[in-house]
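With chain B's structure known, arrange chain C on it following the hints.
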Amino acid sequence: MTTPVIEIQDLWFSFNGHCVLQNVNLKIFPGEFLALIGPNGGGKTTLLKLTLGLLDPDRGRIRVFGVPPRKAAHRIGYAPQNVHINKSFPISVLDVVLMGRLRARKGWTRHAPQDLSAAQKALEQLDMWPFRNRRIGDLSGGQLQRVFIARALVCEPEILFLDEPTASVDTRGQSDLYHLLRQLNETVTIVVVSHDLMVLSSYVKSVACVNRDLLYHDAAEVTGEMLDMAYHCPVDLVAHGAPHRVLCKHDAKNNLKRK
Amino acid sequence: MLEALQLEFMRNAVLAGLLVSIVCGVIGTLVVVNRLVFLAGGIAHSAYGGIGLALFFGLPYLVGTFGFALLAALAMAAVMLKAKHRADTVIGVLWAVGMALGIILVDLTPGYNVDLMSYLFGSILAVPTSDLWHMLVMAGAVLFVVSYYYNDFLAMSYDEEFAQLRNVPVKLLYGLLFGMIALAVVMIIRLVGLILVIALLTIPPYIAEKYARSLRMMMILGTLLSCFFTLMGLWLSYTLNLTSGATIIMVAAGGFFISLLLERLIPKRLSPRAETVPR
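Chains B and C are the protein sequences, given in the same order.
The first sequence begins at 2 in this note's numbering and counts up one residue at a time.
The second sequence begins at 170 in this note's numbering and counts up one residue at a time.
Hint data in this document are derived by calculation from the structure and do not stem from the laboratory.
Fair warning: there could be bad hints in the mix.
Capping the alpha-carbon separation at 27 Å, the derived lysine-lysine pairs in DSSO-like fashion look like this [claimed, not checked]:
id: 1; chain 1: B; residue 1: Lys88; chain 2: B; residue 2: Lys50
id: 2; chain 1: B; residue 1: Lys28; chain 2: B; residue 2: Lys206
id: 3; chain 1: C; residue 1: Lys253; chain 2: C; residue 2: Lys340
id: 4; chain 1: C; residue 1: Lys251; chain 2: C; residue 2: Lys340
id: 5; chain 1: C; residue 1: Lys379; chain 2: B; residue 2: Lys88
id: 6; chain 1: B; residue 1: Lys206; chain 2: B; residue 2: Lys50
id: 7; chain 1: C; residue 1: Lys251; chain 2: B; residue 2: Lys88
id: 8; chain 1: C; residue 1: Lys340; chain 2: B; residue 2: Lys88
id: 9; chain 1: B; residue 1: Lys50; chain 2: C; residue 2: Lys251
id: 10; chain 1: B; residue 1: Lys28; chain 2: B; residue 2: Lys50
id: 11; chain 1: C; residue 1: Lys379; chain 2: B; residue 2: Lys72
id: 12; chain 1: C; residue 1: Lys251; chain 2: B; residue 2: Lys72
id: 13; chain 1: B; residue 1: Lys72; chain 2: C; residue 2: Lys340
id: 14; chain 1: B; residue 1: Lys88; chain 2: B; residue 2: Lys28
id: 15; chain 1: B; residue 1: Lys50; chain 2: C; residue 2: Lys340
id: 16; chain 1: C; residue 1: Lys253; chain 2: B; residue 2: Lys50
id: 17; chain 1: B; residue 1: Lys122; chain 2: B; residue 2: Lys88
id: 18; chain 1: B; residue 1: Lys50; chain 2: B; residue 2: Lys72
id: 19; chain 1: B; residue 1: Lys28; chain 2: C; residue 2: Lys253
Next comes chain B alone, as it looks inside the complex (with noise of 0.2 Å):
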């Protein structure tokens, strides 16, 4: 049995007093590519910023490779959901992405050639290569996101988290993207959070939904329960065709409730 690569056990968090997430346990094992699906305000992005280290839960325990979020934190590569702060900073797109490769309290040292190496090989990944020398604030929102994925990868990560990663990427964008993560995945867990179901169920292999609490499916599929949970109303369940399959078929829908 392999050991779990992020284990979450009885997490807690409120912030303002409200209560954002309860009672969340979540094991995640190597190899895995896991959507996070869930409402605005379920308390996806804060998930994934607990694990991150960036914020402290009420209770409750997390462990990425076994340590503490914020010792492990360089090991995983995070892209964003929000890209749209500082637009008029004056940076390039090759700088933004060396940023992942930045380590700190180095003082003077100058980034590597391996960095550079690293930072085109993320950039050309994402065919922003040739954007390399613009200002970020001369970028497309879809373009920006690009950047940050290129950011989130250039640290050779072996998890990868994604927030909202194709809000602002077109179609053809989108299933680009996708494809490369597909790719990425055969080394790298990911964990991402998306709204498209559609687009996420052909390439996930399993999905979690978070409003408050959580719910796990090992299948890239959403259950009735989820949407029940996600959205609050039972919602009519409709399932396109082969090649895949989003949503389980209305029948299945209470087999899945033994889980």
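What follows is chain C alone, placed relative to chain B:
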């Protein structure tokens, strides 16, 4: 201008202006990109409390002002880190209280009535040579710290959260930055006054930000602009017989409006599509 440089006070004024420009170009860049202009204003004004303290207790000017401004800066830094959304309010309070404290302490100081107004515009034409040496040391220290931690400052300023993930000591850097702001403000107030500090910390970096491709370039460009404004202002004030500090500010303000105008007239390079972000 050349014959003016024969005069020692004019030479000192030019040297002081150049040193102030270096410090303001570097610190001002960090202030502008981190959106700390209001905070810098707060530190500058609360330094008045320090001037009052120094007079009342008969402390040396630098000890009183720098001590007080540093305390105020660190208090503000703590609030920034703990409750960012409350920071502007707390800065406003410290701003007002610091000034009021300074004025009352000066009132209470027997027999000595310094004109606090002189601290508003300073007296760049009366800079003693000893102060130039202090300035030189300070400019050197600022350049050392900022270049040593350049990459860390860059990461923190651009994306604080990501910087934390890369183990950048964000709290230490905030402390250092606020400390440097306090030090710079106190030193420069003495030379050129409160208003010029704020003008030089904001206007040149703001113009530089539009054209610079990196933070480093923004610092260099900001410094050069600041030097130009200072020298131009000094020259104008000398030939037209105007108050030097205010003239320098007016020149900088002129540069500011010209840069706005240029931005309007020259169509933006490869105009980035005004993309609406789907939520």
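The hints, checked one at a time:
no.: 1; hint: B/Lys88 / B/Lys50; result: holds, 22 Å
no.: 2; hint: B/Lys28 / B/Lys206; result: holds, 14 Å
no.: 3; hint: C/Lys253 / C/Lys340; result: holds, 13 Å
no.: 4; hint: C/Lys251 / C/Lys340; result: holds, 11 Å
no.: 5; hint: C/Lys379 / B/Lys88; result: holds, 11 Å
no.: 6; hint: B/Lys206 / B/Lys50; result: holds, 22 Å
no.: 7; hint: C/Lys251 / B/Lys88; result: holds, 25 Å
no.: 8; hint: C/Lys340 / B/Lys88; result: holds, 24 Å
no.: 9; hint: B/Lys50 / C/Lys251; result: holds, 17 Å
no.: 10; hint: B/Lys28 / B/Lys50; result: holds, 16 Å
no.: 11; hint: C/Lys379 / B/Lys72; result: violated, 38 Å
no.: 12; hint: C/Lys251 / B/Lys72; result: holds, 22 Å
no.: 13; hint: B/Lys72 / C/Lys340; result: holds, 17 Å
no.: 14; hint: B/Lys88 / B/Lys28; result: violated, 36 Å
no.: 15; hint: B/Lys50 / C/Lys340; result: holds, 18 Å
no.: 16; hint: C/Lys253 / B/Lys50; result: holds, 18 Å
no.: 17; hint: B/Lys122 / B/Lys88; result: holds, 24 Å
no.: 18; hint: B/Lys50 / B/Lys72; result: holds, 14 Å
no.: 19; hint: B/Lys28 / C/Lys253; result: violated, 33 Å
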